[in-house]
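Residue numbers (this note's numbering), protein chains in the order written: chain A, 1 to 174; chain B, 1 to 640.
Note that these hints are calculated values from the structure, not bench results. Every residue gets a Cβ at the ideal spot worked out from N, C-alpha and C, and that includes glycine. Hints may contain errors.
Here are the in silico distance ranges between beta carbons for each label pair [claimed, not checked]:
1) A:Leu-40 x B:Gly-416: 45 to 53 Å
2) B:Gly-20 x A:Trp-157: 30 to 38 Å
3) A:Leu-107 x B:Asp-529: 46 to 54 Å
4) A:Leu-107 x B:Leu-39: 18 to 26 Å
5) B:Trp-108 x A:Lys-171: 51 to 59 Å
6) B:Ala-34 x A:Leu-107: 40 to 48 Å
7) B:Phe-370 x A:Arg-141: 51 to 59 Å
8) B:Gly-68 x A:Leu-40: 54 to 62 Å
9) B:Glu-476 x A:Leu-40: 33 to 41 Å
10) A:Lys-171 x B:Val-56: 50 to 58 Å
11) A:Arg-141 x B:Gly-20: 21 to 29 Å
12) A:Trp-157 x B:Phe-24: 33 to 41 Å
13) B:Gly-20 x A:Leu-40: 39 to 47 Å
14) B:Phe-24 x A:Met-102: 28 to 36 Å
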Amino acid sequence: MTLLLKQLFALINLLNSDTGTNQIAAGFACGLILGFAPMLSLQALLVFVCLFLFRIQVGAALVSAFFFAFVAWLFDPVSDRVGAAILETEALRPMFTAMYNMPLVPLTRFYNSITMGAGVVSLLLAPLVFFGSKRLILVYRATVVARFKSSRWWKMWTGTVFFKWYATYDKLRG
Amino acid sequence: MTNSVDKAASAAQPAPKKQGPIRFEAIIPLAIIAALVALYFMLFFDAHLRRGLEYVATQANGAEVNIGKLDTSVWKASVVVGEIEMTNPELPARNRLQVGTVTFRMLWDALLRGKILIDEASIVDVQVDTLRKKAGRVLPVEKPREGEGFSDKVLAQLQEEFSGNVLGDLAAIAAGADPGKQLASMGVDLKSGAYLDGLQKSLEEKKQQWQSRMAAMPGTEDFSALQRRLASVKLDNLQDVAQLQASLRELDAIRSDFEAKTKTLREAGAALTGDLDAFKGSYSELDKIVKEDVRSMQAQMHLPALDVRTLSRALFGMDVLGKMQQARGYMDQARSYMPEKSEKKQAVAAPERRRGRNYAFGKPNSYPRFWLRKALISSRLSGSDLSGQILDASTDPSMTGRPLVATIKGNFPQQGISGIKAELVIDHTTSVPVERMVMEVGRYGVAGRALVNSPNVGLGFSKAEGAVKFTAELREDNVDVRLNNRFTKVSLETRAQSEVVREMINASVIGLDTVNLDAHVTGTWARLDWQLSTNLAAELERGMRRYLQGKMDEARARIETMVNGRIAGQRKQLQARQGEIEASLKSALAERQAQIDKVRAELDGARNKLEERKKALLGAQQQKLKQGTDKLLDNLRKKF
Numbered sequence: 001m002t003l004l005l006k007q008l009f010a011l012i013n014l015l016n017s018d019t020g021t022n023q024i025a026a027g028f029a030c031g032l033i034l035g036f037a038p039m040l041s042l043q044a045l046l047v048f049v050c051l052f053l054f055r056i057q058v059g060a061a062l063v064s065a066f067f068f069a070f071v072a073w074l075f076d077p078v079s080d081r082v083g084a085a086i087l088e089t090e091a092l093r094p095m096f097t098a099m100y101n102m103p104l105v106p107l108t109r110f111y112n113s114i115t116m117g118a119g120v121v122s123l124l125l126a127p128l129v130f131f132g133s134k135r136l137i138l139v140y141r142a143t144v145v146a147r148f149k150s151s152r153w154w155k156m157w158t159g160t161v162f163f164k165w166y167a168t169y170d171k172l173r174g
Numbered sequence: 001m002t003n004s005v006d007k008a009a010s011a012a013q014p015a016p017k018k019q020g021p022i023r024f025e026a027i028i029p030l031a032i033i034a035a036l037v038a039l040y041f042m043l044f045f046d047a048h049l050r051r052g053l054e055y056v057a058t059q060a061n062g063a064e065v066n067i068g069k070l071d072t073s074v075w076k077a078s079v080v081v082g083e084i085e086m087t088n089p090e091l092p093a094r095n096r097l098q099v100g101t102v103t104f105r106m107l108w109d110a111l112l113r114g115k116i117l118i119d120e121a122s123i124v125d126v127q128v129d130t131l132r133k134k135a136g137r138v139l140p141v142e143k144p145r146e147g148e149g150f151s152d153k154v155l156a157q158l159q160e161e162f163s164g165n166v167l168g169d170l171a172a173i174a175a176g177a178d179p180g181k182q183l184a185s186m187g188v189d190l191k192s193g194a195y196l197d198g199l200q201k202s203l204e205e206k207k208q209q210w211q212s213r214m215a216a217m218p219g220t221e222d223f224s225a226l227q228r229r230l231a232s233v234k235l236d237n238l239q240d241v242a243q244l245q246a247s248l249r250e251l252d253a254i255r256s257d258f259e260a261k262t263k264t265l266r267e268a269g270a271a272l273t274g275d276l277d278a279f280k281g282s283y284s285e286l287d288k289i290v291k292e293d294v295r296s297m298q299a300q301m302h303l304p305a306l307d308v309r310t311l312s313r314a315l316f317g318m319d320v321l322g323k324m325q326q327a328r329g330y331m332d333q334a335r336s337y338m339p340e341k342s343e344k345k346q347a348v349a350a351p352e353r354r355r356g357r358n359y360a361f362g363k364p365n366s367y368p369r370f371w372l373r374k375a376l377i378s379s380r381l382s383g384s385d386l387s388g389q390i391l392d393a394s395t396d397p398s399m400t401g402r403p404l405v406a407t408i409k410g411n412f413p414q415q416g417i418s419g420i421k422a423e424l425v426i427d428h429t430t431s432v433p434v435e436r437m438v439m440e441v442g443r444y445g446v447a448g449r450a451l452v453n454s455p456n457v458g459l460g461f462s463k464a465e466g467a468v469k470f471t472a473e474l475r476e477d478n479v480d481v482r483l484n485n486r487f488t489k490v491s492l493e494t495r496a497q498s499e500v501v502r503e504m505i506n507a508s509v510i511g512l513d514t515v516n517l518d519a520h521v522t523g524t525w526a527r528l529d530w531q532l533s534t535n536l537a538a539e540l541e542r543g544m545r546r547y548l549q550g551k552m553d554e555a556r557a558r559i560e561t562m563v564n565g566r567i568a569g570q571r572k573q574l575q576a577r578q579g580e581i582e583a584s585l586k587s588a589l590a591e592r593q594a595q596i597d598k599v600r601a602e603l604d605g606a607r608n609k610l611e612e613r614k615k616a617l618l619g620a621q622q623q624k625l626k627q628g629t630d631k632l633l634d635n636l637r638k639k640f
C-alpha cells in the first residue's frame, strides 16, 4: 500500500513538474494494455516487466490500468465480437493453430474471444493514448498548474514558514 | 516575496541529471523480488498447495481429506503427494480410502503450452476402510440444485416411500394399534367433499346459464304471433291460381320463420341433454376421488399396503437410492470436467460476460488441457493385493479420441473384502456422453447392518456374508442400473417393543439364511422406474399376512364407510338438486315443444288445405281446357 501511495504521489509530483511527460504518457499507454488484458496472463507479466525495466511512470500505469479495466469491462461485448471475428478468420487459422501449439504463447489466452478482442483494441489504442495523454499533460501544465501557481492562495501558501520548511526538506531529500 | 523564494529555491536546486530510458536502478529490486519468489517456492509453495488440495478434496469428498506430504519439483515437473486419507462421511472415525503415495510426472513440453500432460503416474499403497487417528470433519450435506439430480420433492417422496416406516406401521398394527380408532378424531378435509362443493357450485352456475338461455329462446309470444300470421293467410274461397300462389308464399315464409325458431329450441334441447350427461359423468370422477381419499386416510393412519413390492422398497429402497444418488453425483462431476464432443471442429463454449468464448485450434496430435495418460494403482500393504490402472483421463476426450477407462481388481483380506473387480468407462468421445460401471465384490463381511430402524420395530443383519454385482449405464439422461446383492450365512436381528411383533417377525424369517436383493432402476433422472425385489420381503409378507390381514381389511372397510358416510348427505342433496333443475328445465322445454307441435300441426293443416285447393283448381282448369279442346276437335271434324 505504501508503495502504491508513493507511486501515486510521484505521479502527482511529476504531473505538476515540467519534466517526465513521456514517462507519464507511456505509463498511461501501458495502463491501457494492462487494464484490457486478463490479470493472470503472459502479456500482463510482460507489461509489468517493461514497467520495471524501462523508465515508465508506474503510478500512471497503475491508475490508468484501474480505470481502463472498468472501460474494458464495459466494452466486453464489443471485444467479444472483435475477438471472435479475428479468431474465426479462415486466413489466420494456420497461424493461430501454430500459436496454439507453441510453447508459452497459449499462456496469453489469445484463443479467447474477449482476450483477443481486448488485446487488439488496446494495442490499436495505445499509440493514441500515448500521444493524446502527452498533449493533455502539456495542456494541463500550461493552464491548470500555471493558473493554480499564480493564484493568491498558492502564493500565500508558499509564503508560509511550513512551506519553506517543506521546500528545504524536499531539496535536502532530493 | 514568494517569487523571490521560488527563484531562490530553483536557483539552489541543481539541474536534474538526464536519465536514459532504461531503469538500471530497478535491477536490484527486481533481483530481490525474483529471489523472494524463488524462496517462496522453495519454502512455502508446497505447504500452501497441500492445504489448497486438501480444501478442494474435502469439498469433493464431503468429509475431511488429509495430505501428509507434498513435494513439487520445478525441474522435474513432478508432484509427489503422500499419506492421503479420505474420511468416510458416514463413519468419520474411519477412512474411506487411504493412499500411500501418488506420483505425477508432467511433461515440460506440455506445461510450456499451458497444458498438463502426465505420461505415467503411480498410485501405491491403496487401502480402504482404515482407522483414522482422529475422527474427520464431515461437511454438511448440500441439497442438489433444482433441475439437477433428484428434486427435493422427488427425493422426499422416495425417502418416505423407501424408509422403514412401512414395517414400523405394520408392527404397530400387529402390536394392537387400531387404526380405525383414530377415524373419529380425525378432522380430515376430504377431497371428495371439496369436489362435491365444486359440483354444487357448478350446478347452480349451469342453472343460471340455462335460465338466461331459456329466456333468450323463442317463447309462447313468438309462436302465438306465428299462429296469428297463419290465421290471416287466406285458405278458403280462393278464386284463381294467383291467389293460391300468394297464400302458398305466405305460408312458406311462416314455415321458414317457424323452422328458425324451432331450430334454436332443438339445439337447446340437445345441449341440455349433453350438459346433464356430462354432469352425471362427474359422479364417476367422484368415485375415483373417494378412493383417493380412502388411500390418503390410510396413509395418514399409517395403514400401509402389505405386499412384497412395498416391503422390498421399505427394506432396501434407501440403499438403492443412496447408490443412485452417488452415481448421479459422480456422473455430474465427470460431465462438469469433461466437455461433450462438439459437432463443430472449433469447440466454442457458451459466451459468458467476462469469460468470452474459447476457441480450440488443436492439431490431431496436440494435447488437451489436462491428460493423464496412465496411472498405475497398486497396493501390497497389510496383506492386501490390489492392482489397477486409470487410462486417458483428459479434459477433452474428443481430442484424444480415448475414453477414460479405470480398472481395479484385488482383495483386502484385513477388511474381509475379496474378489473386487471394477471397471469404469467414461466415454465422452462421441456427442452422446456415456458412463458405464461394472463392479463386483465376491465377498464382504456384514455386521450390524440395520434394514429397518423405526421406534416400533428394528430389523437388520447381525452378521452375514455379502456378494454384490452393480452395473450402471448412464447414457445422456437415461439410466439403467442393476444391483444384485446376495447375503449368505445370514443371521437376522429383530427388535420390537411388543412381544407379538417380535414373534411375528421371527416367525416370518425363521430358517432364512440367504437374502437376495435384485434391483433394477431404469428411465430418466426425472422419471425413474424402481423395481426392487427381495426374498426377505416375500417371507415377511407371508408371515405378517397371517397376523395382520384381518385387522387391515377391517380398518380399510371402516375408512371406506367413514369417507362414504361423510359425503353421503352432500351427495344425496346434490343429486336431488340436480333432479330438480333437470325436471324444471325439461318441463319448460317440453311446454315449448308442445306449442311447437301445435303450430307445426296448424301449418301442416294449412299446407294440406292449400294443396287440395291447388289440386282442385288445377283439375277444374284441366277440365275446362279439355272441354275447349274437344269442342275445337269437333269443329275441325265437322269441317273436314
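Right, here's what the structure says about each hint:
1. A:Leu-40 x B:Gly-416: 45 to 53 Å: holds, 50 Å
2. B:Gly-20 x A:Trp-157: 30 to 38 Å: holds, 35 Å
3. A:Leu-107 x B:Asp-529: 46 to 54 Å: Holds: the Cβ-Cβ distance is about 50 Å, inside 46 to 54 Å.
4. A:Leu-107 x B:Leu-39: 18 to 26 Å: Taking Cβ atoms as reference, Leu-107 (chain A) and Leu-39 (chain B) lie about 23 Å apart, which means the hint holds.
5. B:Trp-108 x A:Lys-171: 51 to 59 Å: With a Cβ separation near 54 Å, Trp-108 (chain B) and Lys-171 (chain A) satisfy 51 to 59 Å, so the hint holds.
6. B:Ala-34 x A:Leu-107: 40 to 48 Å: Roughly 18 Å apart at Cβ, these two residues miss the hinted range, so it is violated.
7. B:Phe-370 x A:Arg-141: 51 to 59 Å: Given about 54 Å between the Cβ atoms, the range holds.
8. B:Gly-68 x A:Leu-40: 54 to 62 Å: violated, 30 Å
9. B:Glu-476 x A:Leu-40: 33 to 41 Å: For Leu-40 (chain A) against Glu-476 (chain B), whose Cβ atoms are near 36 Å apart, the range 33 to 41 Å holds.
10. A:Lys-171 x B:Val-56: 50 to 58 Å: holds, 56 Å
11. A:Arg-141 x B:Gly-20: 21 to 29 Å: This hint holds: roughly 23 Å between Cβ atoms.
12. A:Trp-157 x B:Phe-24: 33 to 41 Å: Roughly 37 Å apart at Cβ, these two residues keep to the hinted range, so it holds.
13. B:Gly-20 x A:Leu-40: 39 to 47 Å: violated, 31 Å
14. B:Phe-24 x A:Met-102: 28 to 36 Å: Since Phe-24 (chain B) and Met-102 (chain A) have Cβ atoms about 32 Å apart, the given range 28 to 36 Å holds.
Violation of the numbered hints given earlier is confined to hints 6, 8 and 13; the remaining hints are satisfied by the structure.
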